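> Sequence:
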Amino acid sequence: MGLEGSRKSWSVNTNLLKYSLALLFTLTKFSKKKNKKKMKKPELIFIPAPGMGHLVFTVEFANRLLDRDGRLSITVIVIRTSFTPEVLAYAESLAASDARIRYIVLPLLEPPSIKLMKSPENYFSLLIERYKPLVKEVIIEHVLSRSRSIAGLVVDFFCTSMIDVANELNVPSYLFFPSNAAFLGFMLYLSIHKKKVGKCFDISDPDSIIPAYENPVPSSVLPAALNMEGYACFSNHGSRFKETKGIIINTFAELEPYAIKSLVADEETPPVYTVGPLLDLKSGNKTSRFDHEKIMNWLDDQPVSSVVFLCFGSMGGFEPPQLMQIAIALEQSGCRFLWSIRRAKKFIAGDSKGQDGPGEIFPEGFLERTQNRGMICDWAPQIDILAHEAIGSFVSHCGWNSILESLWYGVPIVTWPLYAEQQINAFEMVKELGLGVELKLDYRISNPVIVEANEIEKAIRSVMDKENPVRKRVQEIKKESRKAGTDGGSSFASIGRFIDKVMQKKAKNDHRQANVKGTMQISVYTIL
1 MGLEGSRKSW
11 SVNTNLLKYS
21 LALLFTLTKF
31 SKKKNKKKMK
41 KPELIFIPAP
51 GMGHLVFTVE
61 FANRLLDRDG
71 RLSITVIVIR
81 TSFTPEVLAY
91 AESLAASDAR
101 IRYIVLPLLE
111 PPSIKLMKSP
121 ENYFSLLIER
131 YKPLVKEVII
141 EHVLSRSRSI
151 AGLVVDFFCT
161 SMIDVANELN
171 VPSYLFFPSN
181 AAFLGFMLYL
191 SIHKKKVGKC
201 FDISDPDSII
211 PAYENPVPSS
221 VLPAALNMEG
231 YACFSNHGSR
241 FKETKGIIIN
251 TFAELEPYAI
261 KSLVADEETP
271 PVYTVGPLLD
281 LKSGNKTSRF
291 DHEKIMNWLD
301 DQPVSSVVFL
311 CFGSMGGFEP
321 PQLMQIAIAL
331 EQSGCRFLWS
341 IRRAKKFIAG
351 DSKGQDGPGE
361 IFPEGFLERT
371 QNRGMICDWA
381 PQIDILAHEA
391 IGSFVSHCGW
401 NSILESLWYG
411 VPIVTWPLYA
421 EQQINAFEMV
431 KELGLGVELK
441 LDYRISNPVI
451 VEANEIEKAI
461 RSVMDKENPV
471 RKRVQEIKKE
481 SRKAGTDGGS
491 SFASIGRFID
501 KVMQKKAKND
511 HRQANVKGTM
521 QISVYTIL
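The sequence shown: position 385 = 385 (the working numbering), numbered continuously.
Just so you know, these hints were derived from the structure itself, not from any lab.
A hint or two may mislead.
[What the hints assert, rightly or not] Straight line, CA to CA, 25 Å or less: simulated SDA-like cross-link-like pairs of lysine to any residue:
| id | residue 1 | residue 2 |
| --- | --- | --- |
| 1 | K282 | A96 |
| 2 | K282 | K483 |
| 3 | K440 | E452 |
| 4 | K440 | F318 |
| 5 | K440 | I477 |
| 6 | K294 | E268 |
| 7 | K478 | W339 |
| 8 | K501 | R68 |
| 9 | K115 | T81 |
| 10 | K242 | R497 |
| 11 | K483 | R369 |
| 12 | K282 | K478 |
| 13 | K440 | W339 |
| 14 | K261 | G485 |
| 15 | K194 | P216 |
| 16 | K478 | L281 |
| 17 | K261 | F318 |
| 18 | K478 | E452 |
Model, not experiment: these values are computed from the prediction.
Please build the complete structure, drawing on both the sequences and the hints.
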């Protein structure tokens, strides 16, 4: 590199660390008295993947730990990227509203080459890996150098590169897996599949026998990334999961008994802790106050369990031909409906040239004929809607958070997955758990095939049938989900076991950390 290159690298690292210190000072408003008190507490350090969803549920779990055991102290290291600008403001708001958790927001680093975007999952993982040196320095400066004892690093499943940081600092690492137990089992299975088969999955492959699933899993419902460059990325993450001292899963024992039993039976899998459902029930939404009130007032006027709610997440959307088929199905079903469509106002009003108006996506006269039993909106306050007694079913993309929310409120799902792991989630809901009505299991937004109106209508009529056994099953799981996190519940007990494990590991690792702290202080002092 040469002397000049070394000086530049030295300067960049110093500036980055100083920037982190400044952000830490801004975000942690503790008095000296509180700091002294916290110094005596073992510290868990959470490292969520970039993005609001990852941060939100990491903080939700962190708060549950603090509510449960006052012996713990928690720091969340926030990786900020150019495509997640909202994260900084969110971290600042969290720090201002609750001083129990420290937030360290890292500065932006140069992202990997755009050429690596052929696999978004691999690009995402490489971006996170670039933060390893900075994460290590921040931990040394703000935990070890201040006589705090690290109880462990809790890393997101996309942040397995941070396990290296834990190993270098002689502290245990734990995995936070915000999805379901069956999908965790699938990711653990990938490393075995890679060794045996040596190639990625193909949609024409025969069904896979995966230990976490009771039924053979069709290749058509596996994540699309596994057919492309993402296969190596996912299998590498899965193999690293086994290096941790425990895996925290956003599920509960009563929901996925078969998958959880298979994980526990595998001697190579670390201990699993089911801590769900972790839900962000107090989250804001992107609807205006006027739109929110309009939606809720409309629901207030509808009979109990009479409304079909259609919503496909922040990234889910359809082209006009598919929207037309949905509209036809809703009208033919005769059901009341609340339909969230991205850019709905544009479609209904049309643009300045008279294009993309209602005639492009709805049958002629549809809005007039359904105005007394249907409502169309842009962004929808999903939590508030699912909580309303008028909602009778949920046509969903089957993101795991949406699934947990629907089960929490006892709303049965019609499966219409779009991307990521949603297809295999839909498969689990329908074929494994009997908690969903199948519309599609293998639909993909990247390669869409028009779903005809009669198929959609059939699924809607099925889920709204009061005699459908899925409805009874969902009500049973609703009760179990409410009990899981309470005293005596399965997730409550699992969180207790996790805390016990953390405290035991902390006691064993104190003397090892002391040695690391002594050597690392010289490095930090030299940099600063």
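> Take the hints in turn and mark each one as holding or not.
Do the hints match the structure? See the list:
For a cut-off of 25 Å, the pair hint linking K282 to A96 stands: about 17 Å separates their Cα positions. For the given pair, K282 sits about 19 Å from K483 by alpha-carbon distance, which is consistent with the 25 Å threshold. Note on K440 and E452: the hinted pairing holds, with a Cα-Cα distance of about 11 Å set against a maximum of 25 Å. Distance hint between K440 and F318 is fulfilled; the C-alpha atoms sit about 15 Å from each other, no more than 25 Å.
For the proposed pair K440 and I477, the alpha carbon gap of about 23 Å is at most 25 Å, so the pair holds. Restraint check for K294 and E268: not satisfied, since their Cα atoms lie roughly 53 Å apart, outside the 25 Å limit. Restraint check for K478 and W339: satisfied, since their Cα atoms lie roughly 24 Å apart, inside the 25 Å limit. Using a Cα cut-off of 25 Å, the hinted pair K501 and R68 holds, with the two alpha carbons roughly 14 Å apart.
In summary, the hint linking K115 to T81 is supported, as the alpha carbons are separated by about 18 Å, within the 25 Å threshold. Annotation: proposed proximity of K242 to R497 holds, straight-line Cα distance about 19 Å (limit 25 Å). Simply put, K483 and R369 have alpha-carbon atoms about 43 Å apart, too far for the 25 Å limit, and the pair is violated. Our distance criterion of 25 Å between C-alpha atoms is met by K282 and K478, whose separation comes to about 19 Å.
At most 25 Å may separate the alpha-carbon atoms for a hinted pair to count; K440 and W339 meet this at roughly 18 Å. At roughly 19 Å between alpha-carbon atoms, K261 and G485 fall within 25 Å of each other, so this suggested pair holds. For the hint linking K194 to P216, the alpha-carbon distance of about 18 Å falls within 25 Å, and the restraint holds. Restraint check: the Cα-Cα separation between K478 and L281 comes to about 15 Å, which is no more than 25 Å; the hinted pair holds.
Note on K261 and F318: the hinted pairing is violated, with a Cα-Cα distance of about 38 Å set against a maximum of 25 Å. Of the supplied pair hints, the one linking K478 and E452 is violated, its CA atoms being roughly 32 Å apart against a limit of 25 Å.
Comparing the model with each earlier hint shows violations of hints 6, 11, 17, 18; every other hint is respected.
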